[in-house]
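Chains as they are written, first to last, in the numbering used here: chain B, 1 to 223; chain A, 224 to 487.
It is worth saying that the hints were derived from the structure and are not from the lab.
Worth double-checking, as some hints may not be accurate.
Below are the BS3-like pairs computed for lysine-lysine, each with C-alpha atoms no more than 27 Å apart in a straight line [claimed, not checked]: (1) B:K19 - A:K456; (2) A:K263 - A:K383; (3) B:K86 - A:K367; (4) A:K354 - B:K86.
The calculated label-pair distances, taken between Cβ atoms and stated as ranges, are [stated by the list, open to error]: (5) A:D439 - B:V59: 34 to 44 Å; (6) B:R65 - A:L436: 43 to 53 Å; (7) B:R65 - A:R480: 49 to 59 Å; (8) A:D451 - B:R65: 49 to 59 Å; (9) A:P353 - B:Q48: 43 to 53 Å; (10) A:E332 - B:S153: 38 to 48 Å; (11) B:T195 - A:S259: 29 to 39 Å; (12) B:I56 - A:Y433: 14 to 24 Å; (13) B:T207 - A:N291: 32 to 42 Å.
Everything numeric in this text was worked out from a predicted model, so none of it was measured.
The C-beta atom is built at its ideal place from N, Cα and C for all residues, glycine as well.
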Amino acid sequence: MNVQLDLGAVLAEWPLLVKGIFLTTFMIVVSGLLGIVLGCVLAWMNTQSRKFQMVIASVYIEVIRNTPFIVQLFFIFFGLPSLGVKLSPLAASMLAMTINLSAYSAEILRAGIESIPKGQLQAAKSLALQPLQTYTNIVLPQAFKNTWPALVSQIVIVMLGSSVCAQISTEELSYAANLIQSRNFRAFEAFFVATLAYLGLSLILRTFLDKAIARLIFKSTHG
Amino acid sequence: MINSIKKTLLLTCALILLGSTQVVHAQNALENIQKSKLIKIAIPTDFPPYGFVGPDLQPRGLDIDTANLIASKLNVKVELIPVTSANRIPYLQTKKADLVIATLGKNPEREKVIDFASAYSPFYQAVFAPKGMTVKSFADLSGKTVAVTRGAMEDQELTKVAPANVEIRRFEDNNATVAAFVSGQTQMIATGASVAANVIQQNPQIGAEYKLLLKDSPNFIGVAKGEDALRLKVDEIISAAKKSGDLEKLSQKWLGRSMGNLPE
């Protein structure tokens, strides 16, 4: 068997690759934002003394963290239609990613929340701050700051995990690589290009979140 | 950061160099099979009645019977390797399988990368949709969603003939494609006749029926490029099995119809 590298055959399909990269980026931007916001809400519910909220939040977090992403995705895409909920592949992918990220980020944020000295909470209480005010103004900013590197890692993991969404025909980057591979049988080159693209996306996303976003959201707390 | 990018680039160059080195293997698959008394044959497990998992969790079907027939004529043991539509050709290219007997149709793109022995069973692909939907020509597909298995023959055919505004949703294997159609995620399905027969039979509530023919394409046995000795041996076995009626029996058993006139 002669093996010869032919990157040209793969790069000739560049519109597919560009579309794939664009969709992967779009998916992580949307589900990254929504996932973190939902994670904050879940983390809040999880710290409540009221049993009901806490039980809901912890059941949700445990169910999502202890089941595979692909099963969650299949449940949403193939399972929900029998309950009358039909989502497009893209919407189903973003929903699954958001749900997945929210559970993990809630758990990461919990660590940040628990690291805050009890004295601060007592001080907030003595200043007559409502529990929600205390959470959004005092607890959450510090929790974010303390756990930001872990959250960034989780967002990158979810982005890489979005490659699984090709399974429900979402036309993201892995889908593009697979499609090209099945058209010209250049598996090595197709996945090689996809690997480089994912590597680039991860590095950019990580740098962006570590530098730009960190500066933006921590500005007020640094003073 | 810059340093790590430099390292990545260096690694990339190294990999490209590695990839462009020509690797030459002797064409001796047949010899190896006879020496090790074992033939590795890629078969489907998601494609009834050609290949599926039986109640005993063992693969069975027309392709599996054909694989066993060839192994017994070669007087060697057979190792069945389950593959999907998308990965059966890579299995052959990387020598993880000696033969592919997995409802493999012949087309020029595939002939560039692998060789084909004789045809062993009949097959056709078509578009199927619920009875209420009017589909008389490919133009009627416009604006509709169609599920198809990526890399399969029907994917290539449909991509060629469908109008630009048909939403073709591609799935990894036949099970996912069927699940998408049955759950209503797509309006139509493009697939092989045998898969469609199963879908129609198991989901009468959908009322799916045959709409448009994509391609009449008998199944061929795939052999790695240049393995002529093995290919000729397989041709010989298939030709003998056609004469003796063994193949006709398999076609009757699994498809319920005659295999008709198959090309060599």
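Unsatisfied constraints (hint numbers, rising) | 1, 2, 5, 12 and 13
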